[in-house]
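Q: In case you want the letters, here they are:
Number of protein chains: 2
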Amino acid sequence: MRPVDKQGRLTVGVDLGGTNLRIAAFDSEWKRLDYINLPTRVGDGPEAVVGDMCDAIRRVLERCGANQELIGVGIGAPGPLELPSGRFHRPPNLPGFDGFLLKDAMESNLQTAVIVECDANAAALAEWKSGAGKEMPGDSMCMLTLGTGVGAGIILERKIWHGMNGMGGEGGHIPVVEDGFACGCGGRGCLEQYTSATAICRAANRAAALGNAPHIAELIARRIESQGEFTARDLAGLAREGDEAARQVFADAGKYLGMGLAMLVNVLNLPLYVIGGGVVSGWDLFAPRMFEELRRLSYIYALTEPAANQAFTPGKTYIVPAVTGPDAGLLGAAMLPYLEADPTGI
Amino acid sequence: MRPVDKQGRLTVGVDLGGTNLRIAAFDSEWKRLDYINLPTRVGDGPEAVVGDMCDAIRRVLERCGANQELIGVGIGAPGPLELPSGRFHRPPNLPGFDGFLLKDAMESNLQTAVIVECDANAAALAEWKSGAGKEMPGDSMCMLTLGTGVGAGIILERKIWHGMNGMGGEGGHIPVVEDGFACGCGGRGCLEQYTSATAICRAANRAAALGNAPHIAELIARRIESQGEFTARDLAGLAREGDEAARQVFADAGKYLGMGLAMLVNVLNLPLYVIGGGVVSGWDLFAPRMFEELRRLSYIYALTEPAANQAFTPGKTYIVPAVTGPDAGLLGAAMLPYLEADPTGI
Numbered sequence: 000m001r002p003v004d005k006q007g008r009l010t011v012g013v014d015l016g017g018t019n020l021r022i023a024a025f026d027s028e029w030k031r032l033d034y035i036n037l038p039t040r041v042g043d044g045p046e047a048v049v050g051d052m053c054d055a056i057r058r059v060l061e062r063c064g065a066n067q068e069l070i071g072v073g074i075g076a077p078g079p080l081e082l083p084s085g086r087f088h089r090p091p092n093l094p095g096f097d098g099f100l101l102k103d104a105m106e107s108n109l110q111t112a113v114i115v116e117c118d119a120n121a122a123a124l125a126e127w128k129s130g131a132g133k134e135m136p137g138d139s140m141c142m143l144t145l146g147t148g149v150g151a152g153i154i155l156e157r158k159i160w161h162g163m164n165g166m167g168g169e170g171g172h173i174p175v176v177e178d179g180f181a182c183g184c185g186g187r188g189c190l191e192q193y194t195s196a197t198a199i200c201r202a203a204n205r206a207a208a209l210g211n212a213p214h215i216a217e218l219i220a221r222r223i224e225s226q227g228e229f230t231a232r233d234l235a236g237l238a239r240e241g242d243e244a245a246r247q248v249f250a251d252a253g254k255y256l257g258m259g260l261a262m263l264v265n266v267l268n269l270p271l272y273v274i275g276g277g278v279v280s281g282w283d284l285f286a287p288r289m290f291e292e293l294r295r296l297s298y299i300y301a302l303t304e305p306a307a308n309q310a311f312t313p314g315k316t317y318i319v320p321a322v323t324g325p326d327a328g329l330l331g332a333a334m335l336p337y338l339e340a341d342p343t344g345i
Numbered sequence: 000m001r002p003v004d005k006q007g008r009l010t011v012g013v014d015l016g017g018t019n020l021r022i023a024a025f026d027s028e029w030k031r032l033d034y035i036n037l038p039t040r041v042g043d044g045p046e047a048v049v050g051d052m053c054d055a056i057r058r059v060l061e062r063c064g065a066n067q068e069l070i071g072v073g074i075g076a077p078g079p080l081e082l083p084s085g086r087f088h089r090p091p092n093l094p095g096f097d098g099f100l101l102k103d104a105m106e107s108n109l110q111t112a113v114i115v116e117c118d119a120n121a122a123a124l125a126e127w128k129s130g131a132g133k134e135m136p137g138d139s140m141c142m143l144t145l146g147t148g149v150g151a152g153i154i155l156e157r158k159i160w161h162g163m164n165g166m167g168g169e170g171g172h173i174p175v176v177e178d179g180f181a182c183g184c185g186g187r188g189c190l191e192q193y194t195s196a197t198a199i200c201r202a203a204n205r206a207a208a209l210g211n212a213p214h215i216a217e218l219i220a221r222r223i224e225s226q227g228e229f230t231a232r233d234l235a236g237l238a239r240e241g242d243e244a245a246r247q248v249f250a251d252a253g254k255y256l257g258m259g260l261a262m263l264v265n266v267l268n269l270p271l272y273v274i275g276g277g278v279v280s281g282w283d284l285f286a287p288r289m290f291e292e293l294r295r296l297s298y299i300y301a302l303t304e305p306a307a308n309q310a311f312t313p314g315k316t317y318i319v320p321a322v323t324g325p326d327a328g329l330l331g332a333a334m335l336p337y338l339e340a341d342p343t344g345i
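One line per chain: the protein sequences are A and B, in this order.
Using numbering that gives the first Met the number 0, read the first sequence as starting at 0 and increasing by one per residue.
Using numbering that gives the first Met the number 0, read the second sequence as starting at 0 and increasing by one per residue.
No wet-lab data here; the hints were simulated from the structure.
For clarity, every value in this text was computed on a predicted model and none was experimentally measured.
There could be a bad hint or two in this list.
For chains that are exact copies, the list does not tell them apart, and a pair is met inside one copy or across any two.
DSS-like cross-link-like pairs, simulated, lysine-lysine; straight-line CA separation at most 27 Å [claimed, not checked]:
# : residue 1 : residue 2
1 : Lys315    : Lys102
2 : Lys158    : Lys128
3 : Lys315    : Lys158
4 : Lys133    : Lys315
5 : Lys30     : Lys133
6 : Lys30     : Lys102
7 : Lys315    : Lys30
Hey, can you work out the whole structure from these sequences and the hints?
A: So this is what it looks like as structure tokens:
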């Protein structure tokens, strides 16, 4: 366990997103001390973005005061990227970053060690240590983050599973539909194309366009008229009012999520799978179909499903919604220096 | 490394199959010293089968001579089974074994420690230490065994990956087709239903029955007339003579295998995946389509595919046919006592 800290030790976490940069300092009890949110100047290139991040880190450290000891800096970035170098491979959300070496660039600007991690892995780390994993303790878990895309982070025996090039844990790119929708990764039928917020909105648009979903169509038209955007949250509202077409879209997403989880359960047999990201606010709408599909496709899950309302029981397979919310990636990034210093002690 | 052994140390491996029991003693250089093959008396119940195995183990040890030191006994058994207890969960190939505790039963008969392992994991261990993994050294690998069913064994950082209940690595039950063929596991569309020898024969039968495959139909009829069985090997013969329908069956199997591998590569990012089992004799027939699908569905594979005819290069993803043949499971079972004694030393 980290020492309880009277001396003002802190770590800085950075969440490098395609739209926003978020930088925060945390104390060793994971209390957030300071926070900066900036737009990501993707168009100005990676060096400009690194400059903005490093300036913000210095600002946060200054504001926390000179008597603080910096343990380290961790950064969560969107993939694909190689680790530990943080070399990007045509990241769809960071055009212009292909081949850029994030770790080197940050370290030469800051003159201190920086740990780069895939954002979905950072989120999994936070959820494991300070979210769902706190109530369901274990050495291994997997987190799927259903947002604009679908990310996955896998922790095996207290370590983030990186695979050989740091590219392991690409759960969003599990193929679930043969010759299905084209994916940004170059593949087809990836889980991301059926369970992300983007995919859910696309399915709703399709139902509306086919004339099968008058209430969805009406709401889409209203959003367009007010120059707003139709979102998965809008769709969830309709579904909760009882609209069948909207309910079906969430049920379909649940089905594909169940297929993806069946694969993960059958191959990895972990005690805990956490579903996070914005889509998880529709848990009541997609989870019943997800569990139905999972029971059907995974005899391991069927054998180890926990009884409802039972206390946590080792040996059971838990599939639960995330509890850390949108800050999971930021907090997880700040946890990285501790994990690196002592994988068993965090 | 195991000590080079002048003193006659040996281990015994057992391959418990639904049709045959195979028992063999190996020296510490993996040289086979003695071997017994018996029918599995499934109908007489698990106690009778355990009795046969233990008698055969004693016989093998006797024949190896009194000056041999027994290091341990390992047994590979068909799943699903919980580990380390070896408790069966309705194993399709061993009816009547549901709930039976293999480890206890073997140990009380033999009065020595017995290590139970899933047969596909034992095969992966043998392939890693004395097969394809010898030429492509690494700490992690995955083996898919395409036989009557499809088994998978995963080795992560020098340990067999068991997951929480010993049920990890069920690669045969990765869903690859939505609402596809019903599987013995209770699911639908599992990889096993498209890439096992059984599945390949079924696909050939279907093509023949639909009238699309006159040469396949003719050979099936000939086999039936001679009271023989139409096998995947027959089909491979036709395909190599240029029969288009037979070639298509192998290409389809290759496609689904590519989908399953894409999932494993995207989630695990390992350096080595080995394809074993009887179907691998048709490697030339299914591998081209398998690689095509894998490149399409896994950007990680596309980024890390080794160049043809290049020497082994760390950081690349190798997909290769198994080299240990049908004895992989038996040899792997005999390796288990060494792995248990010293996971880093085997």
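Q: Hint by hint, note whether the structure agrees.
A: Results of checking the hints against the structure:
When the C-alpha separation of Lys315 and Lys102 is checked against a cutoff of 27 Å, the pair qualifies only between copies, where the shortest distance is 22 Å, while the shortest distance within a copy is 39 Å. Within a single copy, Lys158 and Lys128 get their C-alpha atoms as close as 12 Å, and across copies as close as 25 Å, so both meet the 27 Å cut-off. Taking identical chains as interchangeable, the C-alpha atoms of Lys315 and Lys158 lie at most 27 Å apart whether they share a chain (21 Å) or sit on different chains (22 Å). Taking identical chains as interchangeable, the C-alpha atoms of Lys133 and Lys315 lie at most 27 Å apart only when both belong to the same chain, with a minimum of 16 Å there against 37 Å between chains.
Proximity of Lys30 to Lys133 under the C-alpha cut-off of 27 Å is restricted to the intra-copy arrangement: shortest distance 16 Å within a copy versus 49 Å between copies. For the homomeric pair Lys30 and Lys102, the shortest alpha-carbon distance inside one copy (25 Å) is at most 27 Å, but the shortest distance between copies (49 Å) is not. Taking identical chains as interchangeable, the C-alpha atoms of Lys315 and Lys30 are never at most 27 Å apart, the minima being 31 Å within one chain and 41 Å between chains.
Hint 7 alone, counting from the list given before, is not met by this structure.
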